[in-house]
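Colleague: Here are the chains, one letter per residue:
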Amino acid sequence: MSSGLAIRALELRRGRRLLSRSLSFELAPGGFIELSGPNGSGKSTLLRVLSGLGRLEAGELLWDGRSFNCASDEHRSRTLYLAHTDGLKGALSGEENLHLFASLRQFRDRSEEIQEGLDYYEMTGLKSVPCLRLSQGQRRRIALSRLRAFPASLWLLDEPTTALDRGGIDRFADHLSDHLAAGGMAILATHQSLPERLKPAIRIALGRSS
Amino acid sequence: MSSGLAIRALELRRGRRLLSRSLSFELAPGGFIELSGPNGSGKSTLLRVLSGLGRLEAGELLWDGRSFNCASDEHRSRTLYLAHTDGLKGALSGEENLHLFASLRQFRDRSEEIQEGLDYYEMTGLKSVPCLRLSQGQRRRIALSRLRAFPASLWLLDEPTTALDRGGIDRFADHLSDHLAAGGMAILATHQSLPERLKPAIRIALGRSS
Amino acid sequence: MTQFSLFFHRLASPPHFYELSKPWGRAFSWIALVLILVGLFGGLWLAPRDFQQGNGFRIMYVHVPSAWMSLFVFMVMAASAFVGLVWRMRLAYAVAAASAPLGAAFTAVALVTGSLWGKPMWGTYWVWDARLTSELILFFLYLGFITLNRSFEDQQTGDRAAAILALVGAVDIPIVHYSVDWWQTLHQGSSFKGLTSEIAPSMLWPLLVMMTGFMFYYGWLVLWRTRSEILLRESDREWTKRVVGS
Amino acid sequence: MNPWIQFFRSEVGLSWRERRRALLPLVFFVIVASLFPLAMSPRPLILKLIAPGVIWVDVMLATFLGLESLFRQDYEEGVLEQWILSPSSLELRVFLKVISFWTVTSLPLIVMSPILILWLSFPVRALGILLVGLFLGTVTLSFLGALGAALTVSLRQSGMLVAILLLPLATPILIFGAHSALLAADKQNPRPALYLLATLFFLTVGLVPKAISTALKVSYEV
Amino acid sequence: MNPWIQFFRSEVGLSWRERRRALLPLVFFVIVASLFPLAMSPRPLILKLIAPGVIWVDVMLATFLGLESLFRQDYEEGVLEQWILSPSSLELRVFLKVISFWTVTSLPLIVMSPILILWLSFPVRALGILLVGLFLGTVTLSFLGALGAALTVSLRQSGMLVAILLLPLATPILIFGAHSALLAADKQNPRPALYLLATLFFLTVGLVPKAISTALKVSYEV
Ligand code: HEM
Ligand SMILES: Nc1ncnc2c1ncn2[C@@H]1O[C@H](COP(=O)(O)OP(=O)(O)OP(=O)(O)O)[C@@H](O)[C@H]1O
Ligand SMILES: Nc1ncnc2c1ncn2[C@@H]1O[C@H](COP(=O)(O)OP(=O)(O)OP(=O)(O)O)[C@@H](O)[C@H]1O
Ligand SMILES: [Mg+2]
Ligand SMILES: [Mg+2]
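Residue numbers (the working numbering), protein chains in the order written: chain A, 1 to 210; chain B, 1 to 210; chain C, 1 to 246; chain D, 1 to 222; chain E, 1 to 222.
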C-alpha cells in the first residue's frame, strides 16, 4: 500500500468538452507535480476536480491507498487550493483577509503564523491596506502567505507565480522546498519554468483539446 | 525635433504613495521599452498614466516633439492599452467582443481583420464561445487578437504574456516584431523575460517603493 | 443489493427507461382518450342541470381536474427533484424538466376556465382571492422553474439548480390547497371531506372519470417528453447514437 | 454599419440574451403588481386609489434592480477602461447605454401597464396621462440611477452618500408621476404635475450623461 | 475568539463599510412608504386599511433590493470558492452570512416601521403583532432571497431573474404577514396567521441554509 496520492483513470471534462479520457499518476509525500500543456488543455480543470470544486466524472482517487471523496471534510482540511483569482476580499486588508481565512479553516488565534506569513512574503508594511489598493503582485503575495500561515499536506496551485517579481518567485520556490522537505505534496499548473533547483517528481503534459 | 515619444520629469504617484520622483525617457519609432521592477514599483501605474486612465501629476509628455495630453482623442486613437484584466465581456464570444471593440474605436466593418487576428492567435475554432467559458490563456489570446485587428502606433501592455503557453508567447513575440518593423512603438511591463531575439531598445527598472 | 432496488436501478437507467416507456406511453394515450371522452359525455350530456347554476357548472369538468393536476404535477416535480438531488439519478431530473411545461399548461387551463366560470358566478373575471392568487403564483413558480432550468449552459447545473427551487417551492402546494379553509373566500371550499362528497353522484362520477383521464393524459405526455429530454441529456453517449441512428 | 448603431444593438442584444428575453421584466412586473392587492384589502374601490402608486413603485423597483449593476460588470471585466480610452465620445456612449437599458427594462413595463391598470380596476380615461408620465419618469429615473451606479462603481464604500443624493432626486419624480395619474383619474387637471416631470426629464437627459461620463473617468483616476 | 463569531463580526462590519447596502434599503423603504399617502387622497380610513400592506410590501422589496447581490462579490473575488473548500460547515456559514445581512438591512427597517405606521394612521394597539410578524417575515425573506442569489450567482444576470424566482416563494409570507396585522387592527384574532408565519419561519431557517449551500456548490460544478 503506497502512501501519498494516487489518481486512476480520471476522466476530465469541462462542459461538453472531453479533455482527457483517462489520466493516471501517483505522487509520494515530498514530491510535486508540474502540470503543463497548451492553453485550454485542462490544467485548471484538473486542479478544480482534485480540490473538490469541479465535478468528478469518472475515475478513482486514492490517498495512502484508500479511496476518498474530494468533497469530504477530511480531504478539504488537508488541501489548499489557490486559483487564478486570489480569493481575497477587496474591501479587507491583507491581514483581515488572512484572519477571515483562519476562521474559515476553524483555526483560533493564528495571529503569529499570519504575521510570519506576511513577513515571509514581505507584505508586513502593507498588511493593513485594503487588498483592492494593492498591485497585482502584492495581492498574489498575500494569497501565498496563506500557504505559509495554514498548514496543509497537499497544495493545488494554479499558476502561482503570475505577477510575482523575480524575488517573489525565489521566495515561493524556497517556500515550496520547505513544504516538500516537511513531507508535503504539491501539484502546480504553470507555463513559467520554476527555478532550476526545484525538480518536479513528475511532469504531466496535458494534450491540446480537440 | 525628435520623432517618437518622449517623457520628461514624470512624477509617479498612486494614492498617497510616491512611486517615482522624476522619470524621463525617449522612445523612437520601431523601438520598445521593457519596464521591470519589483512588485508594487509602479509599472502598471506608469502604463495607466500614459494611456490616459491615470492622473498625470507632474511632468511633460512629447509626441514627435510636440507636447500632448494623454486624455485627448488624438492620443487615444493612436494608443492601445491592455491591462491585467482582458477587457472582454464574459457573456459575449470572442468574435462579438472584437466587433464591439471595433465600434468603440469607430471602425466600420473590420470583419476581415478580426478573422485574421483570431486566426493568428489560433482562436478561430473557439471564436463563438462566450469568453466566460474560455480558459485563462484562451481569453488572453482573444485580448491580444485586438492588437492584431486594430492598428495603433503605441502599445501599452501590462504583463501581456501571463497565462499564455510557450507557443502563445512565441506568437506574441513575432507579432511584436512585426509591429516594431512597421514603425510601431511599445511599452511592456513584464516579469517574464521575452524570447532572446527581442531586444528592447530600453530597459527601465523602477525602484522599490518606500 | 436487494431484488427491489436492483429493479429500481435498472428501470432508472436512461437506456432501459427509453425502451420500456414506449409501450407504456402508447397504452396511456389510449386510456386517456377513452376516459376523457367518457367523462365529457357524462359531464356534458348525462349529468343533470344544476338548479342554481344552470349549465354553467359544466365548465367544472375541465376546471377541477386541471386545477388538481396543476398541484399534482408540482408534487411530482418536487418528488423527482428530491430523488435527483439525493440519489443523483439523471432520470429524475429529466422527469422534472419534462413535467414543468405540462404543469404550467394545466395551471393556465385552470386559471382560464376559472376566470370564465367566475364571470357568471361572481360577476367578474378576476378577484384577488386567496386561492386564485395562489394559483397564479403557482403558475409563476412553474415559469421560474422553466427559466432557471434553461439558464445554465451546463444541463446538469440547470437541473440541480431548478431541483432546489422545486423543493422549496413545494411549500406553496399546501397553501394553494388549504387557502379556502384558512380564509373565507369567494372560491368554493373543498367538496371532498375524506371519502364523502357533497356532490350528487350523477354529477360526481363524470368528474372522477375526467380526473383519471387527465392523470393518464399527463402520464402519456410526461413519458413522451421524458424520452426526448433524456435523449438531449445523453446526446454524447453511445446508446443515444445507436437509438437516433436506427 | 454605423459604429454607434452597432454599439446600441449589441447593448440591447446583450441584455436581451442575458435576461432571457422580454418575458422577465414582464413577469416581474405582474408579480409585483399582484403583491399589492394581496397585501391590502382587494376591494376595487381601494385598488383604484392605489393603482397608480402600485404601477409607479413597480416601475421604479424594476428600474433600480437592474441599474445598480449597470456598469459594475463592465468595470470588473475591464471593458469600461476601454470605453474611456476609446477616441469616441464617452458621453454619447453612456447615453446610448442608458437608453438601451431603458429599452430593455422599462419599455416592456410601460407597454404592459395598460393591461395591469385594468386588472387593478383603474379607469381607462387616465391611461394616456399615466403612460406619458411613465415614459418621462422612467427615462429620468434610468439616467439618475446610472449616475448613482457610475459614482459607486469603484468606490465600494461611499455608496451611502450617493443613495442620499439620488433618492431625494428620485422622490419628486415618483410623487409627481403617481399624482398626475391620480388627478387624471379624478377628472382633475394633471398638466402641472406632468410639466414638472417634463422639466426634470429634459434637465436630466441634457445634463446627466455628462455627469455620468465624468464620474466614470474620475473613478479610474485613483 | 471563536472562529464563527469572528466570521459573523467580520461580515457585519463589512456590510457597514461596503456598499450602500445599509442605507439604500432604508431610504427606499421610507420613500415607498411615503409615496402611498402622497399618491392617494390621504383619508385616514383608507390609509389604515392599506398601512400594513404598504409596510409589508415595502419591507419585502427593500430586503430583496440588497439580497440580490449577496454572494456576487464573493463569487467574483474567488472568496466563495474558499468557503466551499473549507472543512467548516458551509451551511452554518451561509446561515451566519444571511443573519448578518438581516442585521444590517432588515433590522433597521423594522426599527423604523413604528414611525411609519403612525404616519399611516395605523392603530398603535396592532403594533406588537406587526413587529412580531415583520421579524418572522424578514428573516424568512432573507433566507429565501439568499437562496435566489445563490441559485443565480454564476449567471451574471441582474436582479430580474432572481426576483422572479423569489417573489412566488415570498408571497405567502407577505399574505400571512399583512393579514395578521390587519386582523389585529380590526380587533380580530391574528394568531392563526402568525402561527403560519412562524411555521414558515422555522421551516425556512431549518431547511433553506442546506438548500443555499447546495446551490452554491452546484454553481461551481460547471
Ligand atoms: C381564475 C379563477 C379560479 C382559479 C384560479 C381556481 C383555482 C382552483 C384550484 C387551484 C382548485 C383545486 C384546489 C384543490 O384541489 O385543492 C379549484 C377547485 C375548484 N374550483 Fe376553482 N378556481 C377558479 C374559479 C372557480 C369558480 C368561478 C368556481 C365556481 C364557482 C370554481 C369552482 C371550483 C370547484 C367546485 C373546485 C373543486 C373544489 C374541491 O373539491 O376541492 N372555481 N379551483
Ligand atoms: N487602486 C490603487 N489605489 C491605491 N494604490 C494602489 C492601487 N493599486 C496599486 N496601488 C499601489 O501603488 C503602487 C504601485 O502599484 P502598481 O500596480 O503600479 O505596481 P506594479 O509595478 O504594477 O506591481 P506588480 O508587479 O505587482 O504588478 C503599489 O505600491 C500599490 O500598493
Ligand atoms: N467555465 C467554463 N465552462 C465551460 N468550459 C470551460 C470553462 N472554462 C474553461 N473551459 C474550457 O475547458 C477547457 C480547459 O480549460 P482549463 O481552464 O482547464 O485550461 P488550462 O489548461 O487551465 O488553460 P490555460 O493555460 O489557458 O489556463 C478549455 O478548452 C476551455 O475552453
Ligand atoms: Mg488555467
Ligand atoms: Mg502591475
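No lab work stands behind these hints: they were computed from the structure.
Every residue, glycine too, gets a C-beta built ideally from N, C-alpha and C.
Take these hints with a grain of salt, some might be off.
Stated by the list, open to error - DSS-like, lysine-lysine: derived pairs with alpha carbons at most 27 Å apart: (1) D:Lys48 / D:Lys210; (2) D:Lys48 / C:Lys119; (3) C:Lys241 / C:Lys22; (4) E:Lys48 / D:Lys48; (5) D:Lys187 / E:Lys48; (6) E:Lys210 / E:Lys48.
Unchecked claim - What follows is a set of in silico ranges between Cβ atoms, one per label pair, in the way DEER data are often shown: (7) E:Lys210 / A:Phe25: 45 to 55 Å; (8) E:Phe135 / A:Asp109: 32 to 42 Å; (9) A:Gly207 / B:Glu112: 28 to 38 Å; (10) A:Asp64 / C:Trp87: 23 to 33 Å; (11) B:Trp63 / E:Pro87: 54 to 64 Å; (12) C:Glu238 / A:His84: 29 to 39 Å; (13) B:Glu60 / E:Glu221: 52 to 62 Å; (14) A:Lys199 / E:Glu91: 36 to 46 Å; (15) A:Gly65 / E:Pro87: 20 to 30 Å; (16) B:Ala71 / A:Ser72: 51 to 61 Å; (17) D:Thr214 / B:Phe68: 50 to 60 Å; (18) C:Pro23 / E:Pro87: 48 to 58 Å; (19) C:Met75 / A:Ser72: 29 to 39 Å; (20) A:His84 / B:Ser24: 28 to 38 Å.
Colleague: Is the distance from the Cβ of D:Thr214 to the Cβ of B:Phe68 consistent with 50 to 60 Å?
Modeller: violated, 21 Å
Colleague: Could you say whether the range 36 to 46 Å given as a hint is met by the Cβ separation of A:Lys199 and E:Glu91?
Modeller: Holds, at about 43 Å.
Colleague: Has the hinted range 29 to 39 Å been met by the Cβ atoms of C:Met75 and A:Ser72?
Modeller: Because 33 Å falls inside the window, the suggested range holds.
Colleague: Is the distance from the Cβ of E:Phe135 to the Cβ of A:Asp109 consistent with 32 to 42 Å?
Modeller: holds, 35 Å
Colleague: May I ask you to test the hint 52 to 62 Å on the CB atoms belonging to B:Glu60 and E:Glu221?
Modeller: With a Cβ separation near 55 Å, B:Glu60 and E:Glu221 satisfy 52 to 62 Å, so the hint holds.
Colleague: Per the hint of 28 to 38 Å, is the separation of the Cβ atoms of A:Gly207 and B:Glu112 within bounds?
Modeller: For A:Gly207 and B:Glu112 the Cβ distance comes to about 32 Å; the hint holds.
Colleague: 20 to 30 Å was suggested as the range; check whether the CB atoms of A:Gly65 and E:Pro87 agree with it.
Modeller: holds, 22 Å
Colleague: With respect to the beta-carbon atoms only, verify the hint that E:Lys210 and A:Phe25 lie 45 to 55 Å apart.
Modeller: violated, 36 Å
Colleague: Measure nothing beyond the straight line between the CA atoms of D:Lys187 and E:Lys48; if it is 27 Å or shorter, mark the hint as holding.
Modeller: It holds: about 25 Å lies between the C-alpha atoms, which stays within 27 Å.
Colleague: Against the 27 Å threshold, does the CA-CA distance of D:Lys48 and C:Lys119 hold or violate the hint?
Modeller: holds, 20 Å
Colleague: At the C-beta level, are A:Asp64 and C:Trp87 separated by a distance inside 23 to 33 Å?
Modeller: holds, 29 Å
Colleague: I want to verify a distance hint. Is the separation of the beta carbons of B:Trp63 and E:Pro87 within 54 to 64 Å?
Modeller: holds, 57 Å
This entry does not satisfy hints 1, 6, 7, 17, going by the numbered hints stated previously.
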